[in-house]
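Undergrad: At position 111 of the sequence shown (counting the first as 1) the number is 110 in my numbering, and the numbers step up by one without a gap.
These are calculated hints, taken from the structure and not from any lab test. It is possible that some hints are incorrect.
Below, computed lysine to aspartate or glutamate pairings styled on DMTMM-like, alpha-carbon distance capped at 25 Å [what the hints assert, rightly or not]:
#, residue 1, residue 2
1, LYS193, ASP226
2, LYS176, GLU144
3, LYS99, GLU144
4, LYS99, ASP75
5, LYS304, ASP272
6, LYS209, ASP75
7, LYS133, GLU160
8, LYS304, ASP126
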Amino acid sequence: MTDIEYVGQEDVYCPTTETDESVFIAQGALTFNCTEIALPATPDESFVCCLSSMNALHYDQWKDTDAVETLTRFLDAVMEEFIEEAEGVQFMERAVRFAKRHRAIGIGVLGWHSYLQSKMIPFDSMDAMQENEKIFRTIKERSYEASEQLADEFGEPEVLEGYGRRNATTMSVAPTKSSSVILGQVSPSIEPLKSNYFVRDGAKLKSTQKNRFLEAILKERGEDERDTWDSIGRKDGSVQHLECLSDEEKDVFKTFSEIPQMAVVNQAAQRQDHIDQSQSVNVSINPDEVSVREMNKLYIEAWEKGVKSLYYQHSVNAAQQFSQDILDCKACES
0 MTDIEYVGQE
10 DVYCPTTETD
20 ESVFIAQGAL
30 TFNCTEIALP
40 ATPDESFVCC
50 LSSMNALHYD
60 QWKDTDAVET
70 LTRFLDAVME
80 EFIEEAEGVQ
90 FMERAVRFAK
100 RHRAIGIGVL
110 GWHSYLQSKM
120 IPFDSMDAMQ
130 ENEKIFRTIK
140 ERSYEASEQL
150 ADEFGEPEVL
160 EGYGRRNATT
170 MSVAPTKSSS
180 VILGQVSPSI
190 EPLKSNYFVR
200 DGAKLKSTQK
210 NRFLEAILKE
220 RGEDERDTWD
230 SIGRKDGSVQ
240 HLECLSDEEK
250 DVFKTFSEIP
260 QMAVVNQAAQ
270 RQDHIDQSQS
280 VNVSINPDEV
290 SVREMNKLYI
300 EAWEKGVKSL
310 YYQHSVNAAQ
320 QFSQDILDCK
330 ACES
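Can you make the complete structure from the sequences, with help from the hints?
TA: Pasting the structure below:
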């Protein structure tokens, strides 16, 4: 090397905002926000929503308490704090106006698949559909009741005058990828687990994660050995090859790509009846095994069933060769 010539600095991102579509372009890629928010934006208002999640894994512990009502009050208080702190701040006028007029909040869940596995319920089953209905109906009814009480105590916002509620919306299901790790290493949001055994690559630490419910069963049977977990790792987190598990147990511990994706769509459609906003719903499809026609049919089915939005379509790793019919769904057969 003889010399170094400075040629300037290149921006890490060069975003261009498409204000009419609520998207932006970064390095040539069209980028959207998460798809759980379904609120209006106008030239005078920029939508604001305050989100949090109930831990579905512990549903049995909070279902007979005032946890949902308390969270509703907490989120409304956070909205009030935002209004007070942002009032008069330059460029925040549109957001403050929306917050005052709508007071939109969004309660979702995390740990849904963990909850099912803790009860040995396959994701693709009628029992799962029944639990899905029960949990989201509970959150809707109690959050609405809390919002009505808040309206009695503190008044209604402008857009809800005469409706008897404090919040324009109370439910919205966010992805919760980070929150699910912090709150007990549970499954993210409403999404099935991608693997039963994987390495979590954090900002400062890499750690090996095992499915705790699967681990408990393997311990009972004397199969909680390095060789067993290595074999699961070689199958990209799948347990379908383990002879020590029954067919029912293999169903319970199917990974995201092994679950018929119509089951994901059907659950999303069922819970949408109880969600006044929307959901960030992901699907997992191997494009090498599923035709474009089948993919298109899945998305049309989601639309026809009333699913407001879909988020990511995950592909399948080369090691994952589990054959599936994405339009099959055991929960639909009866």
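Undergrad: Would you mind marking each hint as holding or not holding in the structure?
TA: Going through the hints against the structure:
Proximity of LYS193 to ASP226 is assessed by CA-CA distance (about 21 Å); at most 25 Å being required, the pair is judged to hold. Between LYS176 and GLU144 the alpha-carbon distance is near 29 Å, which puts this suggested pair outside the 25 Å criterion. A distance of roughly 20 Å separates the Cα atoms of LYS99 and GLU144; the hinted pair therefore holds under the 25 Å criterion. Distance check on the hinted pair: LYS99 and ASP75 sit about 11 Å apart at the alpha-carbon level, within 25 Å; holds.
A distance of roughly 10 Å separates the Cα atoms of LYS304 and ASP272; the hinted pair therefore holds under the 25 Å criterion. For a cut-off of 25 Å, the pair hint linking LYS209 to ASP75 is broken: about 37 Å separates their Cα positions. Taking the CA atoms of LYS133 and GLU160, the gap is about 30 Å. The hint is violated against a cut of 25 Å. Simply put, LYS304 and ASP126 have alpha-carbon atoms about 20 Å apart, close enough for the 25 Å limit, and the pair holds.
Violated hints for the displayed structure, listed by number in ascending order: 2, 6, 7.
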